[in-house]
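The sequence shown begins at 1 in the UniProt record's numbering and counts up one residue at a time.
The set of hints was computed from the structure by calculation and includes no laboratory data.
Predicted model only: the values in this text are computed from it and were never measured.
Label pairs and their in silico Cβ distance ranges:
hint, residue 1, residue 2, range
1, Thr-44, Asp-83, 32 to 38 Å
2, Asn-32, Asp-80, 18 to 24 Å
3, Tyr-61, Glu-4, 35 to 41 Å
4, Arg-31, Thr-98, 29 to 35 Å
5, Ile-59, Asp-82, 31 to 37 Å
6, Asp-107, Lys-76, 22 to 28 Å
7, Gln-6, Asn-138, 18 to 24 Å
A virtual CB, placed ideally from N, CA and C, is assigned to each residue, including glycine.
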Amino acid sequence: MDQEYQNILVPVDGSKESEYALHRAIAIAKRNGAHVDILNVIDTRAMAYNFAGMSDGSIAYQLVDKSKQYLDELLKDAKDKDDFDNLDIHIRLGNPKTIISFDFPRDHHNDMIIIGASGLSRMQRAVMGSVTSYVKRNAPVDVLVVRTDVDVVK
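Throw the hints in and build the complete structure from the sequences for me.
Written out as C-alpha cells, the structure reads:
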C-alpha cells in the first residue's frame, strides 16, 4: 500500500530548488488531499555573522518583513497558478537544521518534508553545512529531495 501524506512541510529559502520543491509538494498534496506548510527559517547564526557589531534590532524586523513578503508571493502563486489553497506560511528564527528536522514537524504534525537540493552557495555550505543533508539524515519523517522542476519530470 502506498503512503498517503496528509501534512507536508516545504522549507523555502528563495532558491530555485526550494521553489521546485514547493511545486512538487503541491502536486503531491493535490493527489493526496494533503495540507502544505511553507516554512522560511531565518538563520540567526548567519544573521549574527553577517551583521556582527550591529546592535540595531531593526535588522531582524527587516528580515522577517522581507520573508513575509516572499512567502505571501508564494502563497498567491499557489492559489492563482496552481489552483491550490490548502497551505499555510510560517516564519521561524533559529537554526534551520533543527527547526526543519525536528521542531516544526513535531509542532505541526508533518508526515513528509519536501526540500530543495541546496539553497546555499558552495562557500556557505562549507561554513554552515548543508541543511538538506542534515534534514535527510536526521528527520524522523520521510524526506524527498527535489533537484528539478515538476514540469521537467513527466
